[in-house]
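Protein chains: 2
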Amino acid sequence: MKPPRVRTYVCRCAKVIAVDIAVIGLGLIGGSLLQALAARGHRLYGYDADPATRATARTASARTTSGTRWQVVGSVRDAVADTQLAILAVPLPSLPGVLDELSGRGYTGLVTDVTSVKGAVRDLVTQRLRPAHARLAGYVGGHPMAGREQSGFDAADPDLFTGAAWVLCLEPDTQLGEWLDVAALVTSLGARVVPATAEEHDRAVAAVSHVPHLLATALAAAVAGDPLALTLGAGSFRDGTRVAATRPDLVAAMTGGNPDAVADALDAVIASLTEAREALDEDDPIGALRPWFAAGTEVRTAWPPTAGSSIELPVSVETLLRLGHVGGWVTAIAPDRRTVTAVRPA
Amino acid sequence: MKPPRVRTYVCRCAKVIAVDIAVIGLGLIGGSLLQALAARGHRLYGYDADPATRATARTASARTTSGTRWQVVGSVRDAVADTQLAILAVPLPSLPGVLDELSGRGYTGLVTDVTSVKGAVRDLVTQRLRPAHARLAGYVGGHPMAGREQSGFDAADPDLFTGAAWVLCLEPDTQLGEWLDVAALVTSLGARVVPATAEEHDRAVAAVSHVPHLLATALAAAVAGDPLALTLGAGSFRDGTRVAATRPDLVAAMTGGNPDAVADALDAVIASLTEAREALDEDDPIGALRPWFAAGTEVRTAWPPTAGSSIELPVSVETLLRLGHVGGWVTAIAPDRRTVTAVRPA
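So the sequences go chain by chain: A and B.
The first sequence lines up with residues 177 to 522 when you count with our numbering.
The second sequence lines up with residues 177 to 522 when you count with our numbering.
Hints were generated in silico from the structure; no laboratory data involved.
Part of the chain A face toward chain B, derived, beta carbon under 8 Å:
| no. | residue |
| --- | --- |
| 1 | Ala341 |
| 2 | Pro388 |
| 3 | Ala397 |
| 4 | Leu408 |
| 5 | Val502 |
Cβ atoms here follow ideal geometry from the backbone N, Cα and C, with glycine treated the same way.
With the hints as extra help, turn the sequences into a complete structure.
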């Protein structure tokens, strides 16, 4: 028998109604969300485990000239006390503790997160938050593709999500109504909601986000202690290593939290680099490398995918996941919540 | 017995005097040089093997509103007919043909180039240009670190070299007077002259420029035919693959023209990635990856090197090469050509 559920609609129509939202973790993403959601009229409660970050976020609210305010509170418990939605914006290693606090409090609102791995978080939520209570919390896994190499509340930007792809996971136990709630909130920030399973997400971001961090770091580390090389580094080094400036604990949690998919994606890249390495040993390395380079050029010059025209799609798990498969995204939820406005790549 | 030499001073003092200069190859770098040098009052003769590029360059000169003009001519021979300096800005595979034309014409002016490999070009110059004549052409190998993923005259920008590092090679057979001539011209464009041997150059750029192109391409090629991944690609994918958009023949010539140094640098990066790959298999991949990431973060957050205060250095091959070793550069040549103004990293 299914346990009874408290359904918590964040919105009941395309126009998102103002709700009370907790943001747990006030780094770059959490801080940006706090500001972006407060600017849209929601009542925001922020919490961060670091007292200095809380002080910074509190001061920023007091100093804001836009009239947009948020409250910064001293515990997870206080943050979620009166909220219908809790957004978890802490690094993966801090998630178990936060989930335990929600669980201990008997939280039954809706939970979403912004962690860059989705399978591991889904498993944590199942283990720690949902089995403990008859009145279960709802959960929709999320991941905004909007990082920066700077971290912390000081780098936060309420416009960070404009135009960004934002994965919202559709899993066997996802409530479609809750998914639509979070999707409506996310599209209200100007982000493009990409439906995917946790597994599809983890495989895709391993290739386009986690492995790029590994390559950037390997590239930077290779010229440690080589002043001539460091002085000669120009555009290709600057861009190729940019994300190597990210805090090591954050990227270690991101890549190490998605080990299987990252291992597969990294194996593919190492195999490709090994091909190039072998071409360098050929009698005519220039000729041998030309087709190897051409394959990457074709992909990169066609990127980013351009948007096709907007279409209306009926709301169903199958339709939404098919949209994600082909690289499409949702831009709006219809007032009756039976259709979404979607875009496929041209 | 050394052959008699015609010494061709481009300048005799810190203030560069207007000279006649040929630019062979009018792509991004050649086109930018044509415009930048013409704007500084030199008389410029440009040539490109492609008639369409010549037409574009000719039209651009006619249309310029700044009063800066250049002549576009129909052959290498015409370009160098009355010039004291020939700048070769063609890709490596086209260089032998151009050098043969200069040699066939009995060119005895000064030659420099902007090719991204220096050992291979030095050898070509020795084989094809310099042994054939009693009255030898002078040669100073150069490489401005100022590429872009766009190519062609249309992407040219007279400000491309402002602040850029520009290697000028000091080899056993480099004439210091000629090196100073080219250095004065290069510093007049606002570039930072980095003295290095061809071997030092090739090793350093393999690490900071050639391998980054290989990584960018491998990263882009890995997501071919994966629409979900392409849609989720954000900042780390954008920057990590930016230079994969470069024309394949150009990057193949660049990396394949420097095969030994690129092979060594690529081996080091593959070894580093293999370490990360092994960390992913550990029981605690997050913990295992943290120190691995920290090494790269340290390098990247300290990059680019900040400039120390300006110093005056006596002109000698040893002093200049030592400056390059420690990551320093030359910003000006003194009027008496006995000292240079130099900067070391802070």
